[in-house]
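K.L.:
Each chain is listed here by its residues.
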Amino acid sequence: MLENIIDIITEISGADEGEIDAGTELFDEGILDSFGVVQLFVQLESLGVKLDVAEFERAQISTPAKIAALCE
Amino acid sequence: MTPYSGLPFFCILVIVLLPAAILGHCGRSLRRYGLLATILVLLAVFDNWQAKLLLLLFWGLQTALSFVYLSVRRRCEKRWALWLFLLAALAPLLLVKLAVFAPKLQFLSILGVSYMTFRAVQVLIEIYDGHIKALHLLGFSYFLLFFPSVSSGPLDRYRRFAADLAKAPDPKTYDKLAVEGFWKIMTGAFYSFVAGNLIFQYWLEALPQSGFGAAVGYMYGYTFFMFFNFAGYSRMAIGSAYLLGVKMPENFNLPFLSKDMKDFWSRWHISLSTWLRDYVYTRFCTQALRKKWFGGGRASSYIGYFLTMLLMGAWHGLTPAYLIYGAYHGVLMSLNELLDTKWKRFRKLKKNNAVSILLILITFHLFSFGLLIFSGRLI
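Chains as they are written, first to last, in our numbering: chain A, 1 to 72; chain B, 1 to 379.
No wet-lab data here; the hints were simulated from the structure.
Small disclaimer: the values here were computed from a predicted structure and weren't measured.
Every residue gets a Cβ at the ideal spot worked out from N, C-alpha and C, and that includes glycine.
The reader is advised that the hints may include incorrect statements.
Below, a sample of chain A positions facing chain B; criterion: calculated Cβ distance under 7 Å [said to hold, decoys possible]:
#1 Phe-27
#2 Gly-30
#3 Leu-44
#4 Leu-47
#5 Val-49
#6 Ala-54
With a straight-line Cα cutoff of 27 Å, these simulated DSS-like cross-link-like pairs (lysine-lysine) come out [stated by the list, open to error]:
#7 B:Lys-247 - B:Lys-176
#8 B:Lys-176 - A:Lys-50
#9 B:Lys-291 - A:Lys-50
#10 B:Lys-176 - B:Lys-262
#11 B:Lys-262 - B:Lys-344
#12 B:Lys-351 - B:Lys-78
#13 A:Lys-50 - B:Lys-247
#14 B:Lys-350 - B:Lys-78
#15 B:Lys-292 - B:Lys-348
#16 A:Lys-66 - B:Lys-78
#17 B:Lys-167 - B:Lys-262
#18 B:Lys-259 - B:Lys-133
#19 B:Lys-133 - B:Lys-167
#20 B:Lys-247 - B:Lys-133
#21 A:Lys-50 - A:Lys-66
#22 B:Lys-259 - B:Lys-344
#23 B:Lys-351 - B:Lys-259
#24 B:Lys-167 - A:Lys-50
#25 B:Lys-176 - A:Lys-66
#26 B:Lys-167 - B:Lys-247
#27 A:Lys-50 - B:Lys-78
Label pairs and their computed distance ranges (CB to CB) [said to hold, decoys possible]:
#28 B:Cys-26 - A:Lys-50: 42 to 48 Å
#29 A:Phe-27 - B:Cys-11: 54 to 60 Å
#30 A:Arg-58 - B:Trp-183: 46 to 52 Å
#31 B:Phe-182 - A:Arg-58: 55 to 61 Å
#32 B:Leu-36 - A:Arg-58: 25 to 31 Å
#33 B:Cys-26 - A:Phe-27: 40 to 46 Å
#34 B:Leu-87 - A:Phe-27: 20 to 26 Å
#35 A:Phe-27 - B:Phe-294: 22 to 28 Å
#36 A:Leu-2 - B:Leu-36: 31 to 37 Å
#37 B:His-131 - A:Leu-2: 24 to 30 Å
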C-alpha cells in the first residue's frame, strides 16, 4: 500500500521519481495541498480504500507512512 | 435586542453566566443549565411574539428534518435523499435572503438564520456520511440554538459540541476555562466597543461621501472596523461559551499577517471557511474527480473554489455587492492555487523575509479591496 501511495502522490504532484519516501512531509514540502489530498483519496477509492477527507487534520496525513497506516 | 450590544443584553449575560460559573466551579454538568439559559436569552433576544414564533417554526422544521433524515438514512443511502432534505433545510434561509427584495416580506427575517441553517445542514451531511448515528432532541436543539454564537458565529460542529457536553470539565479545568472566557469577553468588548466604535466614529463617519481619496480611506477604515467589530463579537461569543463549559473553536488568527489568500482564509472567519472547505469545496472536488466532470486535473479545484466562494457571498446576502465579493474571492483563490502549482519559486519566496513583508501587504490590500466591494460603497 505504501508504494501505491507514493506512486499516486508522485503522479499527481509531478514530483521527480524517488523524490518522495515514506517519511516525506507532504504539506511542508509543498507536494500536497487540499486538492492534492482529494485527488489522492479519490484514487485510493479505486484501490478499495475509503477515507473521508474532512475527517483528518493535516498532521494525521502529513507523510505517506501515516496515510498508509490509515489505509490498513 | 441584538446579542452583545447594549446594556440590557449584557445585564442578561451576567445574570445567566453567573450561576453557570458557580455550577461549573462546583464540578456540575452545565448541559441542562446551558440549554435553559439559551432558551431564556433567546426569549429576550427575539423580543416580539412574531420573532419568537418564527424561531419556534424554524427550530421545529430543522429538528424534524434532522430526525426524519436520520431514520430515512438507515434505509436509504441515496444521494438524492440527502439533497431533498438539504433543500428543505435551506428553504427558510433562501426565503429570508430573498425577503430583502420584497419589503412586504421583511417580517420573515430571523436573527442568526444564516448560522443556524449551516449548523443544521452540517448535521444532515454528517448523517449522510454515517458519522452521526444518533441524535438527542435536547442536545440537537442546544447545538442549533446555542445562544453565545446564535447571531454571528463561530460556526461549531455537532460532534465536537456534543463531545464537550458529554464530559463535564472537572472544577479545576472549568475554572481555567471560565477565567479564559471572562478575559475573552472583556477583550472582545474592547475590540468591538472601543476600537470598533472609535474607528467607526472618527474614521468612517468623518470621511466625505464621495471621491477617490474618501473611497481609499474608507477601504482601510472599513477593513479595520470589520476586524475589530467581528473579531470582538467572536471573542465575546467564545468567552461566553467557555463559561458554559463549551470550548468553542477560534474564529480569527492574526489574519493581517497572511502571506496569500489561501493563508488568509485559514485565519479570518476560520469556522466559516473550514466549514465551506469541508462541506462544499472538498465534496464538490471529490464528486468532480469521481465523475470526471472536468477531467482529473486542477480544473475541478478552480471551479470548486469559485463556486464555494460565490456561495459564501450568497450566504451573506443575495445583493450584487455580496455576490461580486464572493466571485472576487473565488477568482483570487484560484489564482493563488495557480501560482502555487505553476510557479515553484512562489513557495520559496514565501519563506523569504523581505518578500514576505511585500506578500503580507499585497494580501492585506487584496482583502481590503474585497471588503470595499462587500461594504456596498462601490455598487
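K.L.:
Any hints this thing doesn't respect? Which numbers, in order?
P.N.:
Hints 1, 3, 4, 5, 8, 10, 12, 13, 14, 15, 16, 17, 18, 24, 25, 29, 30, 31, 32, 34, 36 not satisfied by this model.
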